[in-house]
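Chains as they are written, first to last, in numbering that gives the first Met the number 0: chain L, 0 to 303; chain E, 0 to 362.
None of these hints come from the bench; they were simulated from the model.
Mixed in with the good hints there might be a few duds.
[As the list claims (entries may be wrong)] Below, simulated DSSO-like cross-link-like pairs (lysine-lysine); rule was C-alpha separation at most 27 Å, straight line:
no. : chain 1 : residue 1 : chain 2 : residue 2
1   : L       : Lys-267   : L       : Lys-186
2   : E       : Lys-165   : L       : Lys-129
3   : E       : Lys-347   : L       : Lys-267
4   : L       : Lys-172   : L       : Lys-31
5   : L       : Lys-267   : L       : Lys-129
6   : E       : Lys-270   : E       : Lys-165
7   : L       : Lys-267   : E       : Lys-165
8   : L       : Lys-186   : L       : Lys-174
9   : E       : Lys-239   : L       : Lys-290
Quantities reported herein were computed from a predicted structural model and do not represent experimental measurements.
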Amino acid sequence: MSFLSYLITGISLGSIYAIIALGYTMVYGIAKMLNFAHGDVIMVGAYVCFFTMSGLSGYLEPGSVAAAVVPQVAGVLLAMVVCTILGVVIEGLAYKPLRQAPSLAVLITAIGVSWFLQNAAQIMWGAAPKNFTSIVGGTVSLADGALNISYVTMLTVVACLVIMVALTTFIGKGKMGKAMRACSEDKAAAQLMGINVNATISVTFAIGSALAAIAGVLMCSAYPTLMPTTGALPGIKAFTAAVFGGIGSIPGAFLGGLLLGIIETFTKAYISTDLSDAIVFLVLIVVLLVKPSGLLGRIVPEKV
Amino acid sequence: MSGKAKTLRMRKTTVNSFINYAMVIVLFVVTQILIGQGAVSNTIQSMLVPVCCYVVMAVSLNLTVGILGELSLGHAGFMSLGAFSGIITAAVLKDAVASEPLRLAIAMVVGGIFGCIGGVIIGLPVLRLRGDYLAIVTLAFGEIIKNVIQVLYIGLDENGLHFATKESNMVMSEAGTFVVRGPMGATGVTRLSSFAAGFILILITLFVVQNLVDSRAGRAILSLRDNRIAAESVGISVTKYKLMAFVISAVLAGMAGALYGLNYSSTVASKFDFNTSILVLVYVVLGGLGSIRGSIIAAAVLTLLPELLRNGTINEYRMLIYAVILILVMLVTNNPTLRGAVDLIAKKIRSIGKKEKAEGGAQ
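Can you make the complete structure from the sequences, with help from the hints?
Right, here's the structure in full:
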């Protein structure tokens, strides 16, 4: 039974990584840049949700249905809106002027944005950790209490699946999705076909940032410590997950995130709590050495 | 006559190298004079060794990123290897080698050797990968090193070194002491580093890197950066030269790490994390990829800048300002429109200056 419960924890953690990794991989696929500020957008989303929830709960009658639903829903929605705007603004101010610049310059700018967000958060909201109240409380007991699954865990997995299906449909079927695929293939050719490349990239950032907000709320519901640096390590790990699955590939990000979460949880449970990060990264290195383009990545032939 | 002219005329790269040496020496001498006159505050004095370490880190990372053209996000991992191996070496040799500078030198060499081992272990497999994949593997490597050192307990007694992964598992005699204590890092380190040692390390680094770039091997490395396929087609061994640059860079980082570790009485592994790697990368990119002088200046100025901003009102906002400056510099240097605008303004200012001078001359 403990195996099953570790597996469920792993899938839930993996789902969070997968949602973050989707944001990384979409931006990478289309703008060809590593958006290191993505992890900090997660943190901003979690803070917005936290303050909306604690702000609203005072106005509602405690114990009523409205008090149990309204702050949470408002918190998540507001977090998504704020992060979407933030993502588009960051893209417009910091990344758009660097479309033609070498990738390293864009990378350093992304790091600058990441530092900016972390320090701005610290000045606005303080460095002291906040205790995030889960958006859904309670657990389900199965098999006479041998297996406890919290509602957050279930919500996380369901949210991840819904996002995955919605995103695949959007990119596979919709007009905007087609434009995204075209931009990721060849920006210049896409522009010649009448696709507004800049708008497409902005939309990609908007979607990625909205996903980051959801990931932030879900992550802080499961692991309730909220600090200005909360997003940094999950950001790096989700980036690892995206590379693990093959960066630029959406099913790859999903698979990579899920596997990374499961490996991390099992390592913590059966091998060593302290060494879990090292083992996760070691697995990544081994996978990349065997399959240099990640699990589901495409190998692009070199042109001479 | 013509022979004499030939001996006097130096190549541009040689002149550049000498300017770098001269710059470092002048800066060192000026700083020493200022310290002698008491014009340097204690805070700045305590920053001098870290500045030297970061200069070496930046120049060595520039070898990988600017000259070899491969993005490495785990340079602090080599620094960490060097720091901890250096600290352990210095602790072991405490009684055997009485002279402190000699002990520091040995510790730095051992740090360099460990950096070399790390560089070969990580370099051999990963240099087959390209671009962002190489970057992520170096990032992963840095995190692994940090994580492993965090669970390592190393004790020292009269029988030598003892290793354990838990404090309770440590077996050593009564007289034994912990050198490295898991997440608490290395504690009770005898501080050996000095500004002079840092200065010498910078000179060694400059000597190694500048002569490498200016050599046959250096030209091979540069050709790999500019066009790998063309370089391969004329018979340049990709693995050999990539590994050469990567390992030399790791050795120098290891030496810088030993100097850094021995500058403080305690050092934790989490000091050398992803953020430190990124910080050094920022120095390299702001200094200019491939420019050694740029790396030196950027590392020195940017290490001191947050300290200099540490006064009253700005203090709280200093890292925010730092981030904004970083973004603005990247935008101005890389966006053609902004760059053009800045150049235009600079030109205007210069022409106004000239005009005033001309008018002043006429009067």
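Which numbered conditions among the earlier hints are violated in the structure presented, ordered from lowest to highest?
Going through the list in order, the structure violates hints 1, 2 and 3 and respects the others.
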